[in-house]
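Participant: Guided by the hints, dock chain B with the ligands onto chain A, whose structure is given.
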Amino acid sequence: MSTSLTEERIRQIINEEMKDYGVRKRAPPSASDDDHGDDHHYGHHGNGWGPHDWEHGAPHNSWAPIIMSFGITIFLFGFASTFVMNDDLNDTVFNGNYLPIVLVGFAVIISGLLVWWRQDMSFDGHFEPKSAGAPFQNIDIRKVGMWIFLMSEMMVFSSLFTTYIRYRMGTESCQAILDNHATYSNGLPFSPGDACWVPASYFIAGSHSESWTLVLFPDTLVPGAINTFALIVSSFTVVLALKTANRTDLDHEERSRKIRNYLGATLILATLFLVLKLIEWFVGFNIGPFYAPSLLDDGYTIHNEMYHFAGAGHGGEYIDVNLRLSAATFYVATGTHGAHVFGGIIGLVYMTYKAHKGGYSPTNAVSIEYFGIYWHFVDLVWVLVFPAFYLY
Amino acid sequence: MKVNVKILAITALLVASLMLAPSLQARSGGINNVDSGCTCHSGSPSSDVSPFMTLGNGSALPSEYNPGETYTFSFGFTGGPGSEFIAERQNTGGFNLVATSGTLTILDDSTQMIAGQLTHTTTGNDQMNWSVDWTAPSSGSANFQLTVNSVDGDASPGDGDHWAQSQFVMGAPGGVGETTTSSADGITVLFSAILLVSLMLLISVAYVFYRANPESFSWSAFAPWISEWLTSTDHKKVGTLYFVAGLFYFLVGGVIALMIRIQLSVPGNDFLTQDQYNQFFTLHGTVMIFLAAMPLINGFANWIVPLQIGARDLAFPRINAMAFWLNPAGSILILCGVFSGTGADVGWTGYQPITSWVSSHPGTTFWLAGQLMLVASSTLAGINFITTICAMRTPSMGWMQMPLFTWSVFVSVMCLFISIPAFGIGLIEAFLDRTIATAFFNTSAGGDPLLWSHLFWYFGHPEVYVVIIPAFGIVSEVLATSSRRSIFGYKSMVYAMAGIGFVSFIVYGHHMLTSGMAPWLRFVMMLTTMAVAVPTGIKIFNWLATMHGGSLVYRTHTLWSLGFLVTFTLGGISGMFFPSIAMDIHLHETYFVVAHFHYVLVGGTVFGLFAAIYYWYPKMTGKMMDERLGLLHFLIAFISYNGLFWPMHKLGLMGMTRRHHTYFIQANEYSDVVGTLPPEVASWNSFITINAFIFGLSTLIMVTNMVMTLVKGKKAPADPWGGWSFEWLVSSPPPTPSFDDLPTLIDVNEEHGSEKKENWLTRLMVPNDPDEEGMN
Ligand code: HEM
Ligand SMILES: [Cu+2]
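Taken in order, these protein sequences are the chains called A and B. Mind the numbering: the first sequence is residues 0 to 391 in numbering that gives the first Met the number 0, read in order. Mind the numbering: the second sequence is residues 0 to 775 in numbering that gives the first Met the number 0, read in order.
A portion of the hints provided could be inaccurate.
[Unchecked claim] Straight-line alpha carbon distances no greater than 20 angstroms define the calculated SDA-like cross-link-like pairs of lysine to any residue that follow: (1) B/Lys711 to B/Ala211; (2) A/Lys142 to B/Pro742; (3) A/Lys129 to B/Ala211; (4) A/Lys129 to B/Lys711; (5) A/Lys129 to B/Pro742.
If you are wondering where the hints come from, they were derived from the structure by calculation, not from laboratory data.
Just chain A, with the same shape it has in the complex (with noise of 0.2 angstroms):
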C-alpha cells in the first residue's frame, strides 16, 4: 500500500474533504434547533419505534427490521399452507382456514414498515452523508445505494426475460401448428391438450380480440395502452413533484401543498395502473361501444390445458392446446413488475402523507429523486414489457 503523496498532503486534502464528510449541516427548514452539541452524536441511541431524532445521525435501533422479518416468516407460512398445488399439477387445492395466517402475516409487515416510517417521519435532510472516495465522490451515498439496488432488479427481469425468451423460442407455435394442419414441424401429428405457445399477444392485440372499434388497436389492449400512459405520466409527475420541492420562491406551506399534489398524482396514477391490469386480467369492460372479456374469460389461464384455438384464418379448423406455460410466464413476468408498481405505490402513500406534514422542502427534496430514480426503472421496464408480452 502506497501513496505518491506526502503526509502534509495527505492531511490537507483530508481537513478539506472531512468537511463534507458525515454529518453534512444544513439549515434547518423549521428549526426546531435543539443544543446537543457535536460530541453527542454517535452516543445516542434514540428510540427504536421512533420518531427518531435525525440531528443525532441514523437510527442506532429499530425495531422495524425484526418485526419485519418475522412478519414475511408468518405470511410466506400462511401463503405456502393456504395454496397448494394439487397431485396433478393442473390446479391449487385452496386451504381457506390458514387465510387468516397470511392476513395476520401482512398486518405484520405493515406494522413493522409502520415503525421504520414512523422513523423516517423527521427526517429533514439534516443528515444525508456523502461518499468520500472514486468513483462516487461526493454523491450522496443514499443515492450511490439506489442504483446498486437498481442493478439487482437489472438481474431480476433479466431472468424473467431469460425464462420467457428460453420458453417462447423452445416452444412450437399453436398458430404454425394449425397452420400444418394439426401436425409438428417435424411431421408428427399434434394430439389434444400438447404444449405449444399461444402468445398473450393472441388474446389482447392478435386475431383473437373480438372487435376493432378503436381504428388503431383491438379494445383488449385499452388497459395496457392507458397503463403505458400512466406509467410514463407519472415519472413525469415525480420529476415535477422533485422540482417543485427544490423551489425556493414558494413559501413552505404553499410548496408543500403542490408537492404533496403532485405526489398525490403519482400515487393516483399508479393505482390506475394496477386496478387496469386487474380489470384487463380478471374483470374485462363492455362500456358503450367498448368491449373486451378478461383474459381470464377468455380462457387464458396457468392451469388450462385445453384451449380451443382456432388460430387465424382457419375457418372452423381448431387444436386443443396447453397453454400454462406461456400464461404462467406471462402472469409471472408482469405480476412481478406489478408488485414493483405496488412497492412504489405503498412508498407514495409515505410519502404523500410526508409532503402533507410539510416534510420536504429545498434541503431535504432528495428522497423525491431517490424514489424517482427507481420509479424511472420501473417504468422502463413496462416498456421493454409492453412491446415483449403484450404486442409480439
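Facilitator: What follows is chain B with the ligands alone, placed relative to chain A:
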C-alpha cells in the same frame, strides 16, 4: 491446564465409545462358515426355477403398504434340482433378499442379515422356502430383489445348481392424504418450534447477561439489554448477531452431518429411513452454506470491513439489521418441515422437476420460501457492502490501498449480488409451481427442468466463490501479519480475486456437463473452468512467496491458514478433474464430488473462518484466546478432517454414489449383484464416520475456548499480532463509534524509511510491543 486434561479425557471417552458403536450394529455371527449356496451361482439363470414371494398367509403382496405396518413374507422357489429326489442330499436351496426400503426382521435361525441383505444360514440351507418380517417405511415404493438357488445337494457349489432372480414391488400409499395431514400438523409444529427455539435462546441469553453481572440481575436491567440486541443497527452488534447465528447453525448442520455419517457407517444400515436421509442431506447442505458459512462471513464482514476502511458504520445500518433478521426468520421456514417429518428432500440444489413435483415433501414449499428470504437478505447486505466499500473509505484510502480482506468481501459480495437474483426468480417460479400450480417446471405442460439448472447454477457457482473468496482475504491478512511483512504481490492478489469473480460467471455449466446441455456449451464451460486455475494458482504462489520472504510466527490462526493452503490446494486439484467432460461423466454424483467440495468448503472456507476467529476474536471481545487449546483444536481437527474426507475420493472412484440412503457391498468376490461395491468400501465408511465424530467434537474445543476466555481470558491489547490495518488502531473491543476522527492512511515506507531498520522491524513484527500495548 486442568481443563485441558478434562477435555482430553472426555474427548477420548467419546471417541472410544464411537469406535465401539458400529460393532453394536446387528450382524449375527457366522459370516465365514456359512455354506452360502446363494452366492455361488454359475452361468445364467435357469428357467426351471421360479422364485415366489407372498404374504405369510399365502395371499399375494398388496400393491400398497401401510406405513409402519409389519408384514410377514413367505418366499422361496419351486423347481430345479432342489425339488428333485436326490439320495444323500446335503442341501436344498438358498436365497438372497434385498429390500430397498423398510426394515427386515429375522424370525428364526434359518435366515440371517449379512451386509444389509437377508440370506439363509446353514440351517436354512436345507429348505426351499423361508419367512421374514418386514416393517414398511413411511413413504416411497419398496422394491424387493429375490435371488434363489436350487441346489443339487452334492456340497460342491456351482456345478449342477440352478438359480433365478425376481423383483417384487409394493407401492407407497397414495400421496393425497399424506399431503394434507402433514401440512395440517405442520402449523402446530412450526409454532412450538418457534416457541422452543426462542425460549432456549432467551435462557442462554439471560445466562450470558447474568454472568456479566450476577449482582444486579433483574428484569428491569435485562429488558433494555435484550431489546438493545434485538434492535441494534450498530455494525459491530449486528456482526456479533450474525456470528452467533452462524455458529449456532454450524453446530446444527454438524449434528445433521453426523447423523448422516452414522447412517453410512455400515452398509445396508437403516438408522435413518430413506425418507429422513433425503431430508437430512438437503438440510445439511442448505444449513451449512446459507445459514452457517454465509452468516459467519457476514459477521466478520460486518465487524471488520468498516474498521479496515476507516468508516464509522456501514452505509445503511437499518438495512443491515434487516438483512440479518431475515436470516433467522427465513431459517424457521427452511427447517420447519423437518419437525413434522416432511422437510425438504430435494437437495440443496433443488433440482427440477422433482422440486415442483408432488412426490417431494410439503416442506419443500416452505424451504423455497425460506430460501427466498435469504435471497432478500443477501440482496440487502449486498447493497450495503458495495455502497460502503465504494463510498465510505476514509478519504486517504484509494482502491489499491484497501486491505485484502475488504477487497475479498467486495469481490464476493459483487458476485453474490449480481448472481442471486437469478436464483431468486427460479425460487419464485418453483414456489408458485408448488402453490398456485403454475407450470414453469412442469414437463407435461412443456416446462424445462434444465431452465432451473441454468438459473440455479448461474447463481450456484458464483455462490461457491462467494464463500471461498472471503477466506482468501482472511488468509492473506493472517499470513502477511504472521510472516511479519506485507503481502507479496498485493496488486496481483487483487486482480486474481477480481478475475476469479469475473470468470465464476462463465463456468457454471460445469455442474451440468451430464445434464444434456448443448454440447458446444459443455466445451466452452470446460475451457473456462480450467482457466479458473490460473488466478487461483497466482494466489497460492503469492501466499507461499509471502511466507518465503517473511519470518513466520506460529499462532493458531497461522496454523489454520497453513492448513488452508494445503487442503484448499488439494480441493482445487480435485476440482480440475471435473471440467474434463469425459472424466466428469464418470465422477459426477459420486463421492469424489463430495470429497472435492468438502475439501474446498471445509478445508477452504471453514478453515479460513477458523483462522479468522482466532485472529479477530481478541479484537471483537477484548480477550485473548487460549493458544494451547487452539493448537489442540487445530491438530485434532486437521488430522481427523483429512481422515474424514480423503477416503471419499477413493470411494467415489470405486463407484459409491452421493445422495443415496445406503450402499451394499458384495458378499464375496464372485457376487455379481448390480450396484454392490467392493467389501473395503464398508471399512472405509466406518473409518470416515469415526473421523467425522472426532472432527465434529473438536469444534467444541473451539467453542469452549471462546466461552472460557470470554469469561476469564487475558485482556487483549489493541494490536496483539502486530497487524497494521486500521482495525488494529482502535482499542479491543473497539469503541462506538469506532473512530472519533477518521484514520489517515500514510505510506509506511515514507514514514519509517528514514528510521533505523531495526526500529521499523521491531515496530511491525514483535507481537507484544509495549508501544502497541500503550495504544490500548
Ligand atoms: C479450482 C477451482 C475449482 C474447480 C475447477 C471446480 C470444479 C467443480 C466441478 C466441475 C464441479 C461439478 C462436479 C460434478 O458435479 O460432477 C464442482 C462441484 C462443486 N464444487 Fe467445485 N471447483 C473448484 C473450486 C471450488 C470451490 C472454491 C468451491 C467452494 C468453496 C467449490 C464448491 C463446489 C461444490 C459445493 C460442488 C458441488 C455442487 C453440487 O453438486 O452440490 N468448488 N466443482
Ligand atoms: Cu462450480
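Participant: Please flag the earlier hints that this structure goes against, numbers listed from lowest up.
Facilitator: 2, 3, 4
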